[in-house]
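Asker: Residues per chain, in single letters:
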Amino acid sequence: MSPILSVRDLSVTFDVRRPGSWPWTPARKLHAVSEVSFDLAPGECLGVVGESGSGKSTLARAIVGTVPSSGGNIFFEGADLANMDARQRRVHRRDVQMIFQDPLAALNPRMTVGEIIAEPLITHEPKTPRKQVTSRVRALMERVGLLPNLVNRYPHEFSGGQCQRIGIARALILKPKLIICDEPVSALDVSVQAQVVNLLMELQRDMGLSMIFIAHDLSVVRHISDRIVVMYLGRVMETAASDILTTAPEHPYSQALIASVPIPDPVLERARPRPILEGELPSPLAPPSGCVFRTRCPKVQPSCAGTRPALQDIAQGHQVACPFHAAQQVLAVTG
Amino acid sequence: MLPNPSTVESVAAAMDMAELRGRSLWADARTRFSRNKAAVVSLVLLILIGAFAVFGSYLTTHERDFIDFSLTGRYAYLGVPSFETGHYFGTDADGRDLYARTVQGTGISLMVGAVGALVAVTVGTLYGATAGYFGGRIDGAMMRIVDILMSIPFMFVLILMLVIFGRSIFMLFLGIGLISWLDMARIARGQTMTIKNKEFVEAAHAIGVHPAKIILRHIVPNLLGIVIVYATLLIPNMIIFESFISYLGLGVQEPDTSLGALIGEGARNMGNGVLWQLFFPLFFFVMTIFALFFVGDGLRDALDPKDR
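Here the protein sequences line up with chains G and B, keeping their order.
Just so we're on the same page, the working numbering is the position in the first sequence counted from 1, plus 33.
Just so we're on the same page, the working numbering is the position in the second sequence counted from 1, plus 112.
Be careful, since some hints might not be right.
Unchecked claim - Now the stretches of chain B that chain G is said to cover, found in silico as 3 or more residues with beta-carbon under 8 angstroms: (1) 313-319; (2) 322-333.
Said to hold, decoys possible - Take a look, some chain B residues computed to stay more than 12 angstroms from chain G by CB distance: (3) VAL153; (4) ILE161; (5) ALA163; (6) TYR359; (7) ALA379; (8) PHE391.
Said to hold, decoys possible - 25 angstroms max Cα-Cα, derived SDA-like pairs, lysine to any residue: (9) B:LYS310 with G:HIS189; (10) B:LYS310 with G:LEU221; (11) B:LYS308 with G:ARG143.
By construction, these hints were calculated from the structure, which means they are not laboratory data.
The structure displayed is predicted, hence computed values, not measured ones.
Where is the CB? At the ideal position from N, CA and C, for every residue including glycine.
Use the sequences and the hints to build the structure in full.
Answerer: Below, the structure written as structure tokens:
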């Protein structure tokens with residue numbers, strides 16, 4: 034099946050100027066996303082994980098189009114979103130919708146829930162009769178688990194989980210083909226997280242949605258996604274089916290990420306070996322040469338500083354950007 | 113005793129059916145405002161002053177520009193405030209009814225405030241929101257224009273304009289309209305810069321809402337709280353500004369009048385034993401300004417509960 038979304042060598046850089054610098058001095062480039070490529074099949078859910086600052090959210094925003102990309106292509110059903118002008122882009126936006134991290138902040142405090150959910154509809158189909166708009170809003174509220182008689186309430190009267198349901202309803206009213214969830218549950222309680230994740234999975238199955246699910250909580254991502262992309266400092270480190278990635282990760286960074294997921298059993302948790310990552314994420318203003326992970330990698334080799342390791346296929350649908358992924362233990366210790 | 117279970121169920125069902133009205137942030141602000149006694153009293157006072165300016169002229173038989181020559185030279189003891197002569201506030205130095213003149217002066221002063229606030233709210237808010245939303249070069253250019261306009265000594269320019277183009281109330285309104293929106297534009301821009309980074313603006317952008325609609329639907333309603341507060345605090349400044357111009361004799365021209373002109377005249381005749389000529393217009397002036405400040409204060413507490 035041909036993919037609904039193919040991202041090819043997508044890069045996003047931001048110009049960073051020192052305050053008080055002259056307008057003609059060249060700005061420093063912040064590489065938020067570098068040369069990211071992946072495909073998304075219709076109805077598939079792709080998880081994107083990585084620690085804070087790894088470029089997950091910027092990737093989502095580049096696909097949705099709220100952040101301009103600086104290189105590469107985003108093919109959505111064959112049309113290149115990255116190189117469209119603003120007006121064409123606005124038309125294409127109806128098929129790609131986004132769910133945000135902070136459920137309350139993503140809703141305008143001065144608008145009622147009904148107005149918020151109806152906004153995409155009246156933006157893209159302004160001629161819809163008002164009666165039909167309200168009936169669609171009510172049907173959708175029921176679908177996402179909100180009482181339809183709450184349409185005239187305001188966002189601040191709802192709990193975080195309910196606000197996220199409102200956000201989901203808003204994303205779904207145009208019947209989009211692709212939903213991008215930017216850490217949709219990280220601001221919620223664990224019990225509410227489960228409800229929202231299950232709702233998303235249910236909706237994805239029923240409406241045949243494709244989904245990109247961003248999170249830093251691996252257990253949530255494993256639960257919802259078919260495949261997982263691991264990002265570090267704006268680059269893809271490993272791509273694999275989610276059960277393979279969570280049980281047998283190949284890239285040292287994925288291994289460290291998996292090892293950092295707490296086991297809800299104190300005895301097992303204390304007993305297991307833990308390769309803890311040391312140091313901080315390097316500055317995206319000056320990423321390390323060669324492999325960006327080499328500054329913190331337990332398997333680092335002198336050659337890692339030279340050429341940037343490309344993603345290599347090691348199995349069907351399993352790609353790793355580390356030439357030493359098969360090495361069993363630390364080969365040499367440097368520094 | 114427990115209530116009948118079937119009643120409880122039917123009540124619960126009725127509650128589910130009913131479309132609940134939400135409490136908007138505006139409704140919350142209204143409740144908070146109504147709890148502020150000084151602000152509510154000031155608002156009532158302001159409404160009374162407004163009613164006085166609009167309907168006050170129906171309570172007197174005297175025309176504001178009719179000069180009673182029978183009082184010439186004797187107004188200090190014949191023109192005293194009294195109900196018998198119908199000059200409730202006495203007469204001015206020319207024998208004109210001070211009550212009718214105060215009514216008109218209050219009206220003009222309130223109108224000056226209203227025009228200033230209106231221009232500030234519409235032009236200033238939209239200008240500032242546009243500059244803040246687009247940011248970058250557009251913002252830089254738009255705000256430099258404001259900086260340049262602000263650096264001009266407006267009182268001086270306005271006085272020059274009044275001297276060159278003739279003293280007229282239109283000129284005065286024009287001058288006030290020109291300066292009143294500058295501060296508002298800066299305030300609106302600053303607020304917009306914080307609002308535009310909120311996720312709901314990004315959500316609207318991601319949905320594909322046109323930038324003009326984002327500004328009008330998402331940014332301006334969230335600015336309005338601070339804009340209303342600033343506008344109520346701006347009105348007294350505009351009134352004082354107009355009064356100062358009129359006090360100098362450059363603003364409203366005879367036979368029309370404003371509170372500033374009346375106070376100016378009253379102050380000149382202070383030594384002639386006709387203190388009512390100063391105190392009546394001054395009373396309305398001070399009351400208007402105080403009431404507006406208290407209302408503005410109450411609005412600020414009601415609309416920005418964080419900043420208390």
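Asker: Does PHE391 (chain B) clear chain G by more than 12 angstroms, comparing its Cβ with all Cβ atoms of that chain?
Answerer: The claim holds: PHE391 (chain B) sits with its nearest Cβ about 45 angstroms from chain G, beyond 12 angstroms.
Asker: Hinted pair, alpha-carbon criterion (25 angstroms max): LYS310 (chain B), LEU221 (chain G). Please report holds or violated.
Answerer: Roughly 18 angstroms between the alpha carbons, so the hint for LYS310 (chain B) and LEU221 (chain G) holds.
Asker: Do the alpha carbons of LYS310 (chain B) and HIS189 (chain G) lie within 25 angstroms of each other, as the hint requires?
Answerer: holds (15 angstroms)
Asker: Regarding the assertion that ALA379 (chain B) does not contact chain G, is the least Cβ-Cβ distance greater than 12 angstroms?
Answerer: holds (47 angstroms)
Asker: Test the statement that TYR359 (chain B) is away from the interface with chain G: the closest C-beta pair must be farther apart than 12 angstroms.
Answerer: holds (42 angstroms)
Asker: Is the straight-line distance between the alpha-carbon of LYS308 (chain B) and that of ARG143 (chain G) 25 angstroms or less?
Answerer: holds (15 angstroms)
Asker: Please check whether the beta-carbon of ALA163 (chain B) is more than 12 angstroms away from every beta-carbon in chain G.
Answerer: holds (32 angstroms)
Asker: Report holds or violated for chain G covering the stretch 322-333 of chain B, Cβ cut-off 8 angstroms, minimum 3 residues.
Answerer: That given contact holds, which follows from 5 residues of the stretch 322-333 of chain B lying within Cβ reach (below 8 angstroms) of chain G.
Asker: Is the nearest CB of chain G more than 12 angstroms from the CB of ILE161 (chain B)?
Answerer: Fine: 31 angstroms to the nearest Cβ keeps ILE161 (chain B) off the interface.
Asker: If we take the beta carbon of VAL153 (chain B), is the closest beta carbon in chain G still more than 12 angstroms away?
Answerer: holds (29 angstroms)
Asker: Residue count check for the stretch 313-319 of chain B against chain G: does it reach three with CB-CB under 8 angstroms?
Answerer: holds (count 6)
Violation of the numbered hints given earlier is absent; every hint is satisfied by the structure.
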